[in-house]
Each structure stands twice: as structure tokens, then as C-alpha cells.
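Chains as they are written, first to last, in the numbering used here: chain A, 17 to 129; chain B, 2 to 113.
Don't read these hints as lab results, they were simulated from the structure. One or more of the hints may lead you astray.
[Claimed, not checked] Pairs of lysine to aspartate or glutamate residues, derived as EDC-like cross-links and limited to a Cα-Cα distance of at most 20 Å, are as follows: (1) K17/A - D58/B; (2) K72/B - D87/B; (3) K87/A - E31/A; (4) K17/A - E15/B; (5) K116/A - E15/B; (6) K45/B - E21/A; (7) K12/B - D57/B.
[Unchecked claim] Facing chain B, a subset of chain A residues (Cβ under 7 Å, in silico): (8) P24; (9) F46; (10) N48; (11) S62.
Please read these numbers as outputs of a predicted model, since none were measured by experiment. Here a beta-carbon is modelled for each residue, glycine too, at the ideal position from N, C-alpha and C.
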Amino acid sequence: KNQVEQSPQSLIILEGKNCTLQCNYTVSPFSNLRWYKQDTGRGPVSLTIMTFSENTKSNGRYTATLDADTKQSSLHITASQLSDSASYICVVSLNTGGFKTIFGAGTRLFVKA
Amino acid sequence: EAGVAQSPRYKIIEKRQSVAFWCNPISGHATLYWYQQILGQGPKLLIQFQNNGVVDDSQLPKDRFSAERLKGVDSTLKIQPAKLEDSAVYLCASSRTPETQYFGPGTRLLVL
């Protein structure tokens, strides 16, 4: 069954600290993996997208990694800011003739001053 | 470029009433998606349009939900009659290529 599981469900960190969010997937055939940031009351916004051959992609203080062999991805946030408080959603796409996307439930990050 | 527009932003109705949501995608985006996002969960695809044709509506509860994109641009999603469990955020997204979707701000529905 095609699934995307994220951990932890929620996380509280102090401003300035780093954190890492995890995403494990059982999706086949894999096409790409994206991380989205969703602020409260807003739609998700894409942070990074990685294909099978890419194992790391950065966007400012956000760095995503992908291990296609173990089907794991992580999103590392460096020097967190209060504005990083949001839900981070891992999304995996598969291509079976047509694209299909599987969304994880998200990790809710709270950054405290 | 302008983003995906949705209206209304918030809606409160009583169960068994009807409600409709509107979405205007980014200009030139042929693919339009409607998602339901229940609190604490990731978005769940309800329906995907390619121009004015339906690509995937396998998870759309067709007994009460309907959607249309008659001219291949704007789209409406309707719920009739609404149930308590329909309380959620309804997200519209559009894309030019399958890899990246652009989401609107969503419509937050509360069914009492």
C-alpha cells in the first residue's frame, strides 16, 4: 500500500536551535518527493522537490535529504526562527502512467522564543 | 503572477444544508485539484481536473459532493447535504506540470 509516514507528530524547539523532521514512504513507482510548509490558515507552500537521483536539496535554512534505497527523507531546519512555526508536510508522487500524490499527515513545529 | 484564489475563506453552516466553494487557478495552469484537509491530517485529494475533464475522482463522496470546471478555468465544489464530518479546510491547487502544485489559502468549513 502506498503510504507516507512522518515523525514526530509535533515538535517544540527554542528559537535558534536546529531540528530534523523525518519522512518514511512506501510508494512505488517513485517519481519525486516534496516538502511543503503550511502556515496556520494558509495553503501549503513548496520548499523543496527531489527526484530519484538527488539526495540533497537546500532552500535557505531548509535542507532536505533523500535516501531512495531506504525510502527515507529528512528536512533539517537550521537556526530556527519564530516564523518557522508551521506544519511541514512530506509529499511523494508516483507515476503509474498518470501522476498520483500521497500526502503525509505532517509534523507540527512550534518554535518558542 | 497571481496565486490561486479561493472564496469564501470561512463558512459556517448547519448539517443538511448546502454549500459551494469557488476556485480560480493560476492563469495557464491546466490541472486543478480539490483537497479536503481535516484538522491534524494531510490533504486528501477529492478530485483532479485536466482542463475541463476529470482525471481522478476516486475519493470524492459522490452521493453528496460534486465539482465542475465547465470552461477549464474556474471551478466550484459543492456539498449537498453537508454532514458534521465534512468540517475541514477545502484546498484548491493548480499546476502547469505534475511535479509542483500551487495551493490556494483554503476555505475553512464548519458544519454545526
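Hints, verified against the model:
Only pairs whose Cα atoms come within 20 Å are accepted, and K17/A paired with D58/B is accepted, the gap being roughly 19 Å. For the hint linking K72/B to D87/B, the alpha-carbon distance of about 27 Å lies beyond 20 Å, and the restraint is violated. Using a Cα cut-off of 20 Å, the hinted pair K87/A and E31/A is violated, with the two alpha carbons roughly 30 Å apart. Simply put, K17/A and E15/B have alpha-carbon atoms about 36 Å apart, too far for the 20 Å limit, and the pair is violated.
Between K116/A and E15/B, the direct Cα distance comes to roughly 34 Å. Violation of the 20 Å bound is thereby established for this hinted pair. Restraint check for K45/B and E21/A: the C-alpha separation of about 14 Å stays at or below 20 Å, so the hint holds. Between the alpha carbons of K12/B and D57/B the distance comes to roughly 26 Å, so the proposed pair goes past 20 Å and is violated. With a least beta-carbon distance of about 13 Å to chain B, the hint placing P24/A at the interface is violated under the 7 Å criterion.
This hint is violated: F46/A has a C-beta 13 Å from the nearest C-beta of chain B, more than the 7 Å allowed. This hint holds: N48/A has a C-beta 6 Å from the nearest C-beta of chain B, less than the 7 Å allowed. Given hint, S62/A at the interface with chain B, holds; its Cβ is 6 Å from that chain's nearest Cβ, closer than 7 Å.
Hints 2, 3, 4, 5, 7, 8 and 9 from the list above are not met by this structure, while the remaining hints are.
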